[in-house]
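Chain by chain, the residues run as shown.
There are 2 protein chains.
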Amino acid sequence: MIPYNPPINDMTFLLNDLGMLPKVAELPGYEEADAELVDALLNEAGKLSSEVLAPINRTGDEQGATFENGVVRTADGFADAYQAFVDGGWNGLTCSTEFGGQQMPSLIGTAVMEMFTSANMAWSLCPLLTVGAIESIETYGSAELKKTYLPKLVSGEWPGTMNLTEPHAGSDLAELRCRAERENGHYRIKGQKIFITYGEHDMSENIIHMVLARLPDAPAGTKGISLFLVPKILVNDDGSLGQKNDLRCASVEHKLGIHASPTCIMAYGDNEGAIGFLVGEENEGLKAMFTMMNMARFNVGLQGVSIAERAYQQARDFAKERVQGRVDGGGPEKVAIINHPDVRRMLMDIRSQTEAMRALAYDTAVQFDIAKRHTDADTRNEAKAKLDLLTPIVKAWSTDLGVELTSTAVQIHGGMGFIEETGAAQHYRDSRIAPIYEGTNGIQSRDLMGRKVLRDGGETARGYIEEMREYAAAAATLEAPYSIIGENLSTALDALANTTDWLVENGGKSPALAFAGADAYLDLFGKTAGGAMMARAAVAAQSSLSNGSGNPSFYETKLTTARFYAIHVLPKTAALASEITEGADVVLKLPEDAF
Amino acid sequence: MIPYNPPINDMTFLLNDLGMLPKVAELPGYEEADAELVDALLNEAGKLSSEVLAPINRTGDEQGATFENGVVRTADGFADAYQAFVDGGWNGLTCSTEFGGQQMPSLIGTAVMEMFTSANMAWSLCPLLTVGAIESIETYGSAELKKTYLPKLVSGEWPGTMNLTEPHAGSDLAELRCRAERENGHYRIKGQKIFITYGEHDMSENIIHMVLARLPDAPAGTKGISLFLVPKILVNDDGSLGQKNDLRCASVEHKLGIHASPTCIMAYGDNEGAIGFLVGEENEGLKAMFTMMNMARFNVGLQGVSIAERAYQQARDFAKERVQGRVDGGGPEKVAIINHPDVRRMLMDIRSQTEAMRALAYDTAVQFDIAKRHTDADTRNEAKAKLDLLTPIVKAWSTDLGVELTSTAVQIHGGMGFIEETGAAQHYRDSRIAPIYEGTNGIQSRDLMGRKVLRDGGETARGYIEEMREYAAAAATLEAPYSIIGENLSTALDALANTTDWLVENGGKSPALAFAGADAYLDLFGKTAGGAMMARAAVAAQSSLSNGSGNPSFYETKLTTARFYAIHVLPKTAALASEITEGADVVLKLPEDAF
Numbered sequence: 001m002i003p004y005n006p007p008i009n010d011m012t013f014l015l016n017d018l019g020m021l022p023k024v025a026e027l028p029g030y031e032e033a034d035a036e037l038v039d040a041l042l043n044e045a046g047k048l049s050s051e052v053l054a055p056i057n058r059t060g061d062e063q064g065a066t067f068e069n070g071v072v073r074t075a076d077g078f079a080d081a082y083q084a085f086v087d088g089g090w091n092g093l094t095c096s097t098e099f100g101g102q103q104m105p106s107l108i109g110t111a112v113m114e115m116f117t118s119a120n121m122a123w124s125l126c127p128l129l130t131v132g133a134i135e136s137i138e139t140y141g142s143a144e145l146k147k148t149y150l151p152k153l154v155s156g157e158w159p160g161t162m163n164l165t166e167p168h169a170g171s172d173l174a175e176l177r178c179r180a181e182r183e184n185g186h187y188r189i190k191g192q193k194i195f196i197t198y199g200e201h202d203m204s205e206n207i208i209h210m211v212l213a214r215l216p217d218a219p220a221g222t223k224g225i226s227l228f229l230v231p232k233i234l235v236n237d238d239g240s241l242g243q244k245n246d247l248r249c250a251s252v253e254h255k256l257g258i259h260a261s262p263t264c265i266m267a268y269g270d271n272e273g274a275i276g277f278l279v280g281e282e283n284e285g286l287k288a289m290f291t292m293m294n295m296a297r298f299n300v301g302l303q304g305v306s307i308a309e310r311a312y313q314q315a316r317d318f319a320k321e322r323v324q325g326r327v328d329g330g331g332p333e334k335v336a337i338i339n340h341p342d343v344r345r346m347l348m349d350i351r352s353q354t355e356a357m358r359a360l361a362y363d364t365a366v367q368f369d370i371a372k373r374h375t376d377a378d379t380r381n382e383a384k385a386k387l388d389l390l391t392p393i394v395k396a397w398s399t400d401l402g403v404e405l406t407s408t409a410v411q412i413h414g415g416m417g418f419i420e421e422t423g424a425a426q427h428y429r430d431s432r433i434a435p436i437y438e439g440t441n442g443i444q445s446r447d448l449m450g451r452k453v454l455r456d457g458g459e460t461a462r463g464y465i466e467e468m469r470e471y472a473a474a475a476a477t478l479e480a481p482y483s484i485i486g487e488n489l490s491t492a493l494d495a496l497a498n499t500t501d502w503l504v505e506n507g508g509k510s511p512a513l514a515f516a517g518a519d520a521y522l523d524l525f526g527k528t529a530g531g532a533m534m535a536r537a538a539v540a541a542q543s544s545l546s547n548g549s550g551n552p553s554f555y556e557t558k559l560t561t562a563r564f565y566a567i568h569v570l571p572k573t574a575a576l577a578s579e580i581t582e583g584a585d586v587v588l589k590l591p592e593d594a595f
Numbered sequence: 001m002i003p004y005n006p007p008i009n010d011m012t013f014l015l016n017d018l019g020m021l022p023k024v025a026e027l028p029g030y031e032e033a034d035a036e037l038v039d040a041l042l043n044e045a046g047k048l049s050s051e052v053l054a055p056i057n058r059t060g061d062e063q064g065a066t067f068e069n070g071v072v073r074t075a076d077g078f079a080d081a082y083q084a085f086v087d088g089g090w091n092g093l094t095c096s097t098e099f100g101g102q103q104m105p106s107l108i109g110t111a112v113m114e115m116f117t118s119a120n121m122a123w124s125l126c127p128l129l130t131v132g133a134i135e136s137i138e139t140y141g142s143a144e145l146k147k148t149y150l151p152k153l154v155s156g157e158w159p160g161t162m163n164l165t166e167p168h169a170g171s172d173l174a175e176l177r178c179r180a181e182r183e184n185g186h187y188r189i190k191g192q193k194i195f196i197t198y199g200e201h202d203m204s205e206n207i208i209h210m211v212l213a214r215l216p217d218a219p220a221g222t223k224g225i226s227l228f229l230v231p232k233i234l235v236n237d238d239g240s241l242g243q244k245n246d247l248r249c250a251s252v253e254h255k256l257g258i259h260a261s262p263t264c265i266m267a268y269g270d271n272e273g274a275i276g277f278l279v280g281e282e283n284e285g286l287k288a289m290f291t292m293m294n295m296a297r298f299n300v301g302l303q304g305v306s307i308a309e310r311a312y313q314q315a316r317d318f319a320k321e322r323v324q325g326r327v328d329g330g331g332p333e334k335v336a337i338i339n340h341p342d343v344r345r346m347l348m349d350i351r352s353q354t355e356a357m358r359a360l361a362y363d364t365a366v367q368f369d370i371a372k373r374h375t376d377a378d379t380r381n382e383a384k385a386k387l388d389l390l391t392p393i394v395k396a397w398s399t400d401l402g403v404e405l406t407s408t409a410v411q412i413h414g415g416m417g418f419i420e421e422t423g424a425a426q427h428y429r430d431s432r433i434a435p436i437y438e439g440t441n442g443i444q445s446r447d448l449m450g451r452k453v454l455r456d457g458g459e460t461a462r463g464y465i466e467e468m469r470e471y472a473a474a475a476a477t478l479e480a481p482y483s484i485i486g487e488n489l490s491t492a493l494d495a496l497a498n499t500t501d502w503l504v505e506n507g508g509k510s511p512a513l514a515f516a517g518a519d520a521y522l523d524l525f526g527k528t529a530g531g532a533m534m535a536r537a538a539v540a541a542q543s544s545l546s547n548g549s550g551n552p553s554f555y556e557t558k559l560t561t562a563r564f565y566a567i568h569v570l571p572k573t574a575a576l577a578s579e580i581t582e583g584a585d586v587v588l589k590l591p592e593d594a595f
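Residue numbers (the working numbering), protein chains in the order written: chain A, 1 to 595; chain B, 1 to 595.
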């Protein structure tokens, strides 16, 4: 079994030393989230992760989810682990107490979800999807829908799914063809959905599908899409389970990774039509779906953090154990490969960027909590704008890095990395889905560029850049050799600011030109924002060192990973900026038939 | 079936427009390699690739090589394809006519091998390994060994293998434990070897293993290693096959990719010891093995080119067919996704870098031919030095890019990229071995830094940089917008030259510091050398356009891919340079227990 050790030290550092926890614990409704309870929660979640979920990650990959005679079976231990998760009350961790949740801040939910995902990414997808279903019903569902479904969804007894994609409609939801017909008090749904994560499985007695479909008289395009709640088993008036609904899993995909997560083709309405219940208003399904997707996008971004952390731990353990060769310029004795400069570079590369990603994700979760619960409307709106800006960055920057860093972790293993039994290859395969689902990273960069930057003339982006300048200024006052943390961040911020100005100026004139640079802009933003978080971390670490509080070696390490990030990552922003401002047009230059 | 179209246009451009073919065709022994014959050869090899090898690539991945009761079976069609390859005389393409080869330049062998590998990387490994066995026997083998084995190895009837790795000795050959005992006229070999590509299979009646082992009285370390030829079936004096030798395949690995290539654990000498024949002198096996490895390293580098080309073709075809969404700033009609700026950026990214890698690999093959056959010793030595410098760069830079670009190709497919049936994921999995085998890319960067740059005080590197400056100067005279091809190359060359100076100055004082930056230095060198090749290509393309010769749209496209490379790739060199000169020490800063 490949062990997983929850990085609770680094989490606690973000919550306490960077002051994230006090910021959310002061919000109304989150008063119970004090340091002691949070500590206990993280430790308990860590135990479930390392003792229950991690041990079935590799076997889950080997066995996969199987499909036979219409029945989907999950891998050994998956259903039991899910039951333990439900019994522990983890599913409702961040849900409101009204429907049985623990009403903890998203910040805490993020730390817990990071651990579950690191331990077993394929398993963690089931709860991840449920969160979205709860959000949309809570926000848009009728009182009756809430009463019937939310308690079971919140407890996790009935997990939820999201049904968007159809064969001809992937990123482009305007093309959806799934139909919904009105019938007294409910709707009849007919159509096929693909890529439905945990669309069918044996881990629960019911599954609540959230399905996008089109009414017969709906306008064309995205303005004619409605959202329906479609249970696998219909629920009687007394809350008991009734008849099977007219829906089934038609097939399970054979995928590159996350083998243990059943990715289903779902057939709705083979016969009389599946019974569905409208969530929100007719033709306003997209709005409700975006509520589900925003949180899901953030959580997928977090998968980049999780999988990089898991891959790091495994590569580090291997590098400490594997003895091979002598150290350059060192003595005659054989050493563990962690002592070879190039192996150490790879470990530092994974580690420093994982820390940066984690910090940015957690800080984004703080915005989520403030946007939801702060008493002051302006503060809420400001946090919401920042959340909207950061969500596509967390999603795309972290998941691209997840792929890159799990690949580095394979490399650290040498030949053993290519052998499936080692387990390093699984992370590399699993990580590859994250840049694709919940909106490809191309869609994220369009979202960032179009909706989050160009739409408000760069105002929110510039505000965030100004905030980051404060961190740069503070870090620039650190003593040598750490002042470079602030200096290189300043240079990156200049590049980001100039590029933002250029895009605002040119993006309106030529959207295609702007969008040709959207990927580079998102990467530039992500690297810089990660650098700003590392600068904050370095300043906090230095302050704790000066105060003599806490564990000095933890803080010294943090200063070094921040310095590594400043030297090895931040300088890459210059090339990303020039790629956009000096050459986006070359992207579009070739005629189609030249490809 | 997923089609493969050999990129013969781009190959011919390198051979003719960049003048590579005339340079090798004038060498003694290569007189027959005229443009007409080469054209015919490339077309025939292209046919074998697209009609025989490509159709069994996906099925080969699905079926894999199987191991049952000691027998290794290759996937459907693999043995037949190998027979067609042998019948066509392809195995001996670059071998000397003395033993039945066609004695074509390595340059042509490179183009042909690129196609075979693109078509079916797992299959192509069998001939790839044979090349190494032939080289070492030709260089170091006795007349008798040559007479008995070379004709069959050259024809391909008996493929060869390389047996280096043991469980405790991967990159560190000094630790080899495999034993060889002298017996009248031959040796008895005992020991286990792992990661033996095509160590056992059903594609031929015999297999010739090249095995590194240690004599009982051998000195410790790498100076006590000898190379042995160990046939699977012993050969009688009359050349007929005799008894089975005392060796067997103990197991076949379950790998991330190249499933159809059996990666074997080989057991030598379960009983009385496998009979082996010394190749070269006792205790000088490493020298002979390096002969095999240099060509193998180059060929593995070529795999980066091949797999990127294949992935590009598949992603391009998908992007032209898949209709989704509207174009930014365009009309209301749906478009194929190739019209979306971000998809086009990804295609340009793969394509421009694949062209750059191909050009550098072919130019390196030219050095191989000159080093082998030029009449002037100084010219040979100069080419050899350049070949030695470029081999680790071609190996590591191209294979790292192979992984990165196959990942981009998966991304272009969206959700379909993650489904195994699509085939894009296979390239991503297959590509991942290339940075690992034949010396990890970490080993390559050490080789570049230590043996190829520091050892001669940077002389060869500086000479190559000066040569590249000429291409930069020529490209800087191109008209706008193409002059940037030369300008950005100049800037990259400055960074490379300064970094080389810094390393030569500091590398001796602190080897660990230099080696901490070795990976970045190799990447910096590769990107710059690729840029120099693109500059050469752009100048040649402009000259053909001005002359009105050839196909103008091909040359215009080449100018644009070179410009894309200059804007999107070359600026990244600045960050790589600063990573080395300003921050290599931070790599080594953390104590081991901080990881």
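Hints in this document: simulated from the structure, not taken from any laboratory. A couple of the hints might just be wrong.
For identical chains, the list gives no copy identity; a pair is met inside one copy or between any two copies.
As the list claims (entries may be wrong) - DSS-like cross-link-like pairs, simulated, lysine-lysine; straight-line CA separation at most 25 Å: (1) 190 / 244; (2) 287 / 572; (3) 589 / 146; (4) 287 / 372; (5) 572 / 47; (6) 384 / 509; (7) 334 / 509; (8) 334 / 223; (9) 334 / 589; (10) 287 / 190; (11) 244 / 23; (12) 287 / 320; (13) 334 / 287; (14) 589 / 509; (15) 589 / 320.
Computed from a predicted model, the values in this text were never measured in an experiment.
Could you place residue 384 and residue 509 in one of the four classes (within, between, both, neither) given a Cα distance threshold of 25 Å?
neither (28 Å within a copy, 54 Å between copies)
Could you figure out if residue 287 and residue 572 sit no more than 25 Å apart (CA to CA) within one copy, between two copies, both or neither?
Close neither inside one copy (37 Å) nor across copies (40 Å); limit 25 Å.
Reference check for the pair residue 589 and residue 509, CA-CA at most 25 Å: within, between, both, or neither?
Intra 17 Å, inter 49 Å, cutoff 25 Å: intra-copy only.
25 Å Cα threshold - placement of residue 146 relative to residue 589
Neither: 53 Å inside a copy, 55 Å across copies.
Could you figure out if residue 334 and residue 287 sit no more than 25 Å apart (CA to CA) within one copy, between two copies, both or neither?
between (61 Å within a copy, 23 Å between copies)
Checking residue 334 and residue 223: alpha-carbon separation at most 25 Å within a copy, between copies, both or neither?
Classified as between; 17 Å across copies, 67 Å inside a copy.
25 Å Cα threshold - placement of residue 320 relative to residue 287
Neither way: residue 287 and residue 320 sit 50 Å apart in one copy and 31 Å across, limit 25 Å.
Can you tell me if residue 190 and residue 244 fall within 25 Å by alpha carbon in one copy, between copies, both or neither?
Within one copy only: 15 Å inside a chain, 65 Å across chains, cut-off 25 Å.
My question is about residue 572 and residue 47: at a cut-off of 25 Å on alpha-carbon distance, are they close within one copy, between copies, both, or neither?
Close neither inside one copy (38 Å) nor across copies (43 Å); limit 25 Å.
Could you figure out if residue 287 and residue 190 sit no more than 25 Å apart (CA to CA) within one copy, between two copies, both or neither?
within (21 Å within a copy, 70 Å between copies)
At most 25 Å between C-alpha atoms: does residue 334 with residue 589 qualify within a copy, between copies, both, or neither?
Between copies, since 20 Å is at most 25 Å while 54 Å is not.
Please sort residue 287 with residue 372 into within, between, both or neither, judging by C-alpha distance up to 25 Å.
For residue 287 and residue 372, the Cα distance is within 25 Å only inside one copy (17 Å; across copies 69 Å).
Hint violations for this structure: numbers 2, 3, 5, 6, 11 and 12, all remaining hints satisfied.
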